[in-house]
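A.B. asks: Take a look at the letters that make up each chain.
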Amino acid sequence: MARIDLDLAHSYLPDPQQDSDYALLPLQMSFADGGAYALLGPSGCGKTTLLNLISGLVRPSRGAVRFDGADVTARSPQQRNIAQVFQFPVVYDTMTVADNLAFPLRNRGLPPERIKARVGRIAEMLELSGQLHQRAANLAADAKQKISLGRGLVREDVSAVLFDEPLTVIDPHLKWQLRRKLKQIHHELKLTLIYVTHDQVEALTFADQVVVMTRGRAVQIGTAAELFERPQHMFVGHFIGSPGMNFLPARWREGAVEVAGRRLPVAPALVGTLSAAGEFTLGVRPEHVTLADASAEGALVAEVTQVLDIGTYWLLTARAGEALVRARLSPASAIPQVGEQVGLEVLGPHTCFYGRDQQLIAAGSEPQALRASA
Amino acid sequence: MQLTLEGVAKRVGAATHLYPLDFALQPRAVTVLLGATQAGKTTLMRLMAGLDAPSQGRVRVDGEDVTGRSVRERNVAMVYQQFINYPSLRVADNIASPLKLRGDLDRAAIDRRVRELAAKLHIETFLDRLPAELSGGQQQRVALARALAKQAPLMLLDEPLVNLDYKLREELREELSALFAGGDSTVVYATTEPTEALLLGGYTAVLDAGELLQYGPTAEVFRRPRSIRVARAFSDPPINLWQGRVAESGIQLAGDARLAVSLPANATPAAAAEAGVTVGVRASALRVRPRPGDVALAGRVELAEISGSDTFVHVAAAVGPLVAQLTGVHYFKLGAAITLYLDPAQIHVFDARGDLLVAPQRSGAR
Chain S
77 MARIDLDLAH SYLPDPQQDS DYALLPLQMS FADGGAYALL GPSGCGKTTL LNLISGLVRP
137 SRGAVRFDGA DVTARSPQQR NIAQVFQFPV VYDTMTVADN LAFPLRNRGL PPERIKARVG
197 RIAEMLELSG QLHQRAANLA ADAKQKISLG RGLVREDVSA VLFDEPLTVI DPHLKWQLRR
257 KLKQIHHELK LTLIYVTHDQ VEALTFADQV VVMTRGRAVQ IGTAAELFER PQHMFVGHFI
317 GSPGMNFLPA RWREGAVEVA GRRLPVAPAL VGTLSAAGEF TLGVRPEHVT LADASAEGAL
377 VAEVTQVLDI GTYWLLTARA GEALVRARLS PASAIPQVGE QVGLEVLGPH TCFYGRDQQL
437 IAAGSEPQAL RASA
Chain W
718 MQLTLEGVAK RVGAATHLYP LDFALQPRAV TVLLGATQAG KTTLMRLMAG LDAPSQGRVR
778 VDGEDVTGRS VRERNVAMVY QQFINYPSLR VADNIASPLK LRGDLDRAAI DRRVRELAAK
838 LHIETFLDRL PAELSGGQQQ RVALARALAK QAPLMLLDEP LVNLDYKLRE ELREELSALF
898 AGGDSTVVYA TTEPTEALLL GGYTAVLDAG ELLQYGPTAE VFRRPRSIRV ARAFSDPPIN
958 LWQGRVAESG IQLAGDARLA VSLPANATPA AAAEAGVTVG VRASALRVRP RPGDVALAGR
1018 VELAEISGSD TFVHVAAAVG PLVAQLTGVH YFKLGAAITL YLDPAQIHVF DARGDLLVAP
1078 QRSGAR
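Heads up: the sequence lines are chains S and W, in that order.
Plus 76 on top of the position in the first sequence (first one is 1) and you've got my numbering.
Plus 717 on top of the position in the second sequence (first one is 1) and you've got my numbering.
Among the hints, a few may not be true.
[Stated by the list, open to error] Ranges between beta-carbon positions, derived for each pair: (1) S:Pro153 / W:Arg829: 51 to 57 angstroms; (2) W:Val729 / S:Pro153: 38 to 44 angstroms; (3) W:Glu937 / S:Gly354: 47 to 53 angstroms; (4) S:Arg306 / W:Leu818: 50 to 56 angstroms.
Treat the hints as calculated values from the structure; they're not laboratory data.
Just so it is clear, CB atoms sit at the ideal spot from N, CA and C, and this is done for glycine as well.
Make the full structure from the sequences, and use the hints.
C.D. replies: The following block contains the structure:
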């Protein structure tokens, strides 16, 4: 196991000129020994490039990769001692499950008794014990992917285990089990795990630290809670959460925030930043929008355009001025009808404010009473 | 268009891919085929399209028997998981191809229709490019636009969003719902994801291991799953299932929890009562804050997963292992004691055969 430090940039072009020529813009990042990380972002964001730079499949056009302080930039994946699990199962059909799992250990020349013990343990963790002596060929796709996962995790001496969208081919119910298994295995084996995915649920539930990427840039690194509650960049607000954060154009006017024609008073602590910014964007998650009376002070007036029953909650869409606002409502609350006028409270401890460069400038405001002399 | 399957089954060699089923699709609405991989979704779609012939039974379109008729003789549009386009044709010509085949439209009309569809699917700026020059999401939009251009009375989509990014899926799904709602086609949409079925609304058919288990309005199937099998297939996270015993004025669960529910007298013969019942509780029905009338369930936190919009808490409880879905971010220490609360009116009860006895009461909707 190793601590991994990156200080690099990568372009697939010979002579990159501008930001868009880079698959990965200059970046400094560290992965702690024994940590569970996820690289999350849409296709083309650079996450797979980043993974390939760590494994050694791709050599950075600039900078260096260090494992425990040693420069490994020029080393191959084998020399770096990296285990990898891919999107589709990579198994030897003619071998038994046990032999498949033992393969990476035999290659390293481990003594048979050590191999047997380790294979047994991994098989047990992945609930493959009953199938150890079956041929891999006859197994279903999900069982094969379990073997792939097992092969990635079987060696104790790897620097890190890298996963590239490993649960894509797995059905939703089994995903739940496997995610849980991976987490347990991480707790027990303390391997450094780096997991690439476009699926926020997988990333957030698997990793201790999630790196959110877009257009070759890591825009935020944080825990699931940090990314959800304090997105540092509007992209994170949009990408994390389902549906993503609501964004409303806003400006400072006469001592309050003006949104969709309504003036909303904010906490004194925010006045300085917001008045200096002048124009900005208010971000609030659908989970944090609450319904109020259409006449309520400090609430936006909006017309309900859609109400969807998602089974476990209601998803309401309403138009406030030019902007569409979504709210996730508990099935126990009274649900308004399409066409109805409602009040929407958008200020609260989780409300975020973003400047012109889409970066967070302020956050958190309890609803305030309008001051008479504002 | 009314598509009806009568006693349709599909066997390949000794294997049964689809057991005999009767299925009358809701005309001009979306029907979601929900089921795990190998549940029979694709097999069923291929029979509907005429790509395969059933081993037995009849397929009828508006009452007319079309069982032996091939896909070419039927008016069907299909979209697959893989993004399938004509690689050598520009995006505009890809979308225009079904319109040209019709032969009754002049060039200007075709052009107008192509632009209209491209605008709806946000690919209007790529009309002159080749499919290979587009991202996966854009390629699938082209395939969808071409399918929509056909204006076929039957449109079949086999997990069309599965190869796309999570966020892109969210976006495109929403657009598709709007497009389906505005169209005249009977739409069939296969997915493995319960949430996708709920977001698409319409009607849902639950398939499992080659059997059609239930068909009805999506919200109704979700709320009143006919059996444990349907409830499991139509839940994500998996529905919590606990064994219980019918006791005086309710159900007795392990660990001294008692749920006050009235079981329908006719549905609980003494034998069933003795054989025991299964209580099904959706993860979202469990809360950390009590309300009057709730039952308290004590346990220990095994794992807490924050997915962003929700926190999933896995608990070893006296009633059995359970998962609770809590909105937003919640912090739990692994191994800590936890009490979850449940409104007894929100449970499902299944008899010993696994058939539904009691469904949750509706709340919220006016």
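A.B. asks: For every hint, state whether the structure bears it out.
C.D. replies: The hints, checked one at a time:
no., hint, verdict
1, S:Pro153 / W:Arg829: 51 to 57 angstroms, "54 angstroms, holds"
2, W:Val729 / S:Pro153: 38 to 44 angstroms, "42 angstroms, holds"
3, W:Glu937 / S:Gly354: 47 to 53 angstroms, "51 angstroms, holds"
4, S:Arg306 / W:Leu818: 50 to 56 angstroms, "54 angstroms, holds"
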